[in-house]
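Student: Here is what each chain is made of, one letter per residue.
Protein chains: 4
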Amino acid sequence: MALTGVLRPGHVQIRVLDLDEAVAFYTQILGLVETGRDASGRVYLKACDERDHHSVILRKADRAGTDFYGFKVLNARTLDLLETDLRAYGVQTERVRAGDLLETGERVRFHAPTGHLFELYAEKTEIGDTLGYLNPDVIIEDRKGISPVRLDHWQIHGEDLDGSRDLFVNVLGFSLTERILCEDGKTDMAVWLTCSNKAHDIAFVRDARSDTSHHAAFLIETWKKLLYAADLMAKRRVSIDIGPLRHGITRGTSIYFFDPSGNRIETFCGGYSFYPDMKPYTWTWEEMGAAIFYHTRELNERFLSVVT
Amino acid sequence: MALTGVLRPGHVQIRVLDLDEAVAFYTQILGLVETGRDASGRVYLKACDERDHHSVILRKADRAGTDFYGFKVLNARTLDLLETDLRAYGVQTERVRAGDLLETGERVRFHAPTGHLFELYAEKTEIGDTLGYLNPDVIIEDRKGISPVRLDHWQIHGEDLDGSRDLFVNVLGFSLTERILCEDGKTDMAVWLTCSNKAHDIAFVRDARSDTSHHAAFLIETWKKLLYAADLMAKRRVSIDIGPLRHGITRGTSIYFFDPSGNRIETFCGGYSFYPDMKPYTWTWEEMGAAIFYHTRELNERFLSVVT
Amino acid sequence: MALTGVLRPGHVQIRVLDLDEAVAFYTQILGLVETGRDASGRVYLKACDERDHHSVILRKADRAGTDFYGFKVLNARTLDLLETDLRAYGVQTERVRAGDLLETGERVRFHAPTGHLFELYAEKTEIGDTLGYLNPDVIIEDRKGISPVRLDHWQIHGEDLDGSRDLFVNVLGFSLTERILCEDGKTDMAVWLTCSNKAHDIAFVRDARSDTSHHAAFLIETWKKLLYAADLMAKRRVSIDIGPLRHGITRGTSIYFFDPSGNRIETFCGGYSFYPDMKPYTWTWEEMGAAIFYHTRELNERFLSVVT
Amino acid sequence: MALTGVLRPGHVQIRVLDLDEAVAFYTQILGLVETGRDASGRVYLKACDERDHHSVILRKADRAGTDFYGFKVLNARTLDLLETDLRAYGVQTERVRAGDLLETGERVRFHAPTGHLFELYAEKTEIGDTLGYLNPDVIIEDRKGISPVRLDHWQIHGEDLDGSRDLFVNVLGFSLTERILCEDGKTDMAVWLTCSNKAHDIAFVRDARSDTSHHAAFLIETWKKLLYAADLMAKRRVSIDIGPLRHGITRGTSIYFFDPSGNRIETFCGGYSFYPDMKPYTWTWEEMGAAIFYHTRELNERFLSVVT
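Chains as they are written, first to last, in UniProt numbering: chain A, 1 to 308; chain B, 1 to 308; chain C, 1 to 308; chain D, 1 to 308.
Just to be clear, a hint being listed does not mean it is correct.
Which copy is meant is left open, so a pair is good if it fits within one copy or across any two.
As the list claims (entries may be wrong) - Derived pair list, reagent style DSS-like, types lysine-lysine, alpha-carbon separation capped at 30 Å:
1) K186 x K224
2) K279 x K60
3) K186 x K144
4) K144 x K60
5) K224 x K60
6) K235 x K144
Simulated from the structure, these hints should not be mistaken for lab results.
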């Protein structure tokens, strides 16, 4: 078959310091839709054009950060096969029962070499995007705030980048689309990986601070809507890290900003279409600035230092 | 693996009445790049952001139309497997030697039940898009005319729609994304199929005129560039069928127009991202107008009657 | 001074058959803001980025059409001077008392040779666009529906086009920006006039049906927002006349549609910047199609026949 | 009349260190069109949608900066009247003979209180924008590089801001659209002035460095074309000061960059439509950051310190 295995980033559980403040931010400014709360107090949200029950789970905690990263896979059989493959590769896995997350089937969990907790799942209740499946309209009305269309990708940091890269490529079937080399001209400083036609579904950065998150990204439809997003952030005094800007990597455009707890979020737009017969792009150490911030060709200190 | 099997529409051989006039149209107005001519006089072209040697082949003939439709597959092993699967399904296949098309490997040919000649191939020389793979820039300069980024999809007509649909779904791994039902509310009048995250890679329409083409489509980056395309067509007196317009199907936007030989071409923009866990959309007979031309909700006679 | 005399189309009173239905249409679909109702039952509306109290007045009547067209002038002294000039030119004028329209000062009324009732006024209460005048933000939030930024221009029809054209040019200081010639190659079939940097503030078309309106136009910010407008019209089953499309005249883009009473409305976008040292454009009779609908180069029957 | 007096910024003479390098920059990267060279070696350029012979004159010199700023006025009679008014206001004026600048009529020169040399003129040969005036097309083809549509405005610095502001408002008929106040909450730190429907045609900033220029600005059509401009600058290693960004003032969007001689240039897009019945906006000292760079709300050192 043509599209198989791991489909896409499906959900992420983010820790927030003040739940009410976070919900207000994620619904009124970022413009996600609240779809449920569970017995433990977690709040579930989805982007306007997502059809599954949720893509973001907010959990109150005493420090910011990300609990786990979930990928949806094609079906239950794929879930079993991937679990088998992970174990054969030497990765310990654990099953989380269906219903532990609202409206979500069994999840297969594992830790990647960079320390992050990942999970795979095949089932989540489809609640739709308001358009239905019979003679649908083309626009979703009553969108609020920035209103991204979907959860798009993550950039996460850890020491054993090579380990996580190889696991995603060799076991989970991801393709390498871009890399930044270290000063030695050989070792990967950062890698961008995809399981789809997107230019990236996940990025790993080599960093002594294992199991940390640089950002979760949400997809914006146009460069003009990215401008609106920045205007709204400025009006509501959201803490903008940097942007709107152009990436060299992926050719995408972007704004980085912080939720009220200090988790960095990206609104991302664009990116070329990837096919697995394409050669990956390589960026040298000297051109890392242009790789990340194509116009200024210089990184800012905050962008490099803050992870959660 | 995540992206496997058939990758994308890779090339199409179009018949034109006057080769010089056609080359002028496809390079100066549509804005493809000529990449070669072969001993038999065929002209090879590619879109600006395509990396393989060609996606369009123009052949001089005494009537317009399409000779064959080629899909690129992941690799040589996939080509062998798909050939085996086709034969197991009862489809006769034929190998065309490497080099028959410039810079192209062996092709596996077969006729679909709608009468069209398809081919699969795994190898074509990568000539790049001018950006290179080391510290690439983000824009391609010196683009001419309309300048689509790639060949996108085809809509083709034939009597045994069910046969071609089932072949593409069951053997080639395509997914059904949308359908229009006949007046009986059961039979498919038209189907849209994808082998990727695109909302469609090919569409089949039930039509007594088997082995005919409605249009070949090229991807445009934005609705604004689609306006420029229409402006340029009007300035150069290209025969516009209809557009710019919005489709209900795929949510895409479009202009339909004719090359000097009467082949209908589409410049297409947008379309939602498809994943194989998504339900297909169904359009009823009564809403066929909105399915195709979402704003006016009415088809025009020429759009229905002209195929080549 | 640099900007003097007549400033811009300031308001228009439109007749509607069902007031509730009309208010629902103009506020929820077109997306104007209701700002008041007067003792006679008229409803006042403004566009989101207009600062004066209103630009549209809806009056219940038993047939559609336009009661009068109001231009704002620089100040009270200008109002007096223009009244004097009109009378000197042989035009009868009448003063309507301040307060006859809500929040509006005295108006000077006159009939143009094409039969239309115009009025000039210098004062209308400024209620703002929500941004204020101290450290303003750059976006207006909570916009509904199509949400044009302002009333833009009118196209109106009448027999004595020459008379109205000369009155607007010679007395009111308008400049001719474009014209379509009649079949004789000499007489004006239609003229576009401006009192600002806009490509047109009003257009007159020669037509035996004097004192009729072809459309009132509202300004949309981008071609992309025009697409959204058409999508929303289609979703809400608004009667679209034609569009989205490109005009040859003004280089603007447009959708024409009808309010529930049958008044034609245009959402207009773009248009070049005009300065009075620029030569006017002339369109010949044969190219009238391209002048109006640049891509198709053909007029539709409904566009020509329906006026109110 | 509705549009009278001073029409628009018409030309600017810029000093460059290396003429060949400058011409290459202004034609191939900025994308102006060279229209002539005079006996003294000056190079004349225009933007693609300007119709007069030139808007930029490059003069080789041993330091960067601006020689003079020219405004076009309505006609010869207006030129005489404004000269009379200037003298009545106590400003010395000088006539420069027709032909001193190629294809340009007599110019009336004067120094503003901020030290800058201005000139007014009524005549310049109209060479058109390639579209002609009979059945014109809507797009200009073969545009190169960034390709702004016109010269838009200047920001210039000097000590006696009050004097220049009053001269432009009281004698030349400009309107104040926005101001930033000094720390005292009363004095103008900077003022934005217009003679048209533009949000600004010129800005004065209070600065001990009299007769200096902060930037000359060229108009870009869309926020998307501004992104392309930045991409092209990055690719060609143009020195970008800052951007793409949003201004609080004017609501415009922008990139600031330097020509090879160090003259700062702005590509500007947008800005609200101004009418002289509108109240000016006031920005307080504390919000100067947001006034200039709306998203980050912080000025950069280079933006403040470099003038030529």
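Student: Could you tell me which of the numbered hints above are not met by this structure, giving the numbers in increasing order?
Tutor: 1, 2, 3 and 5
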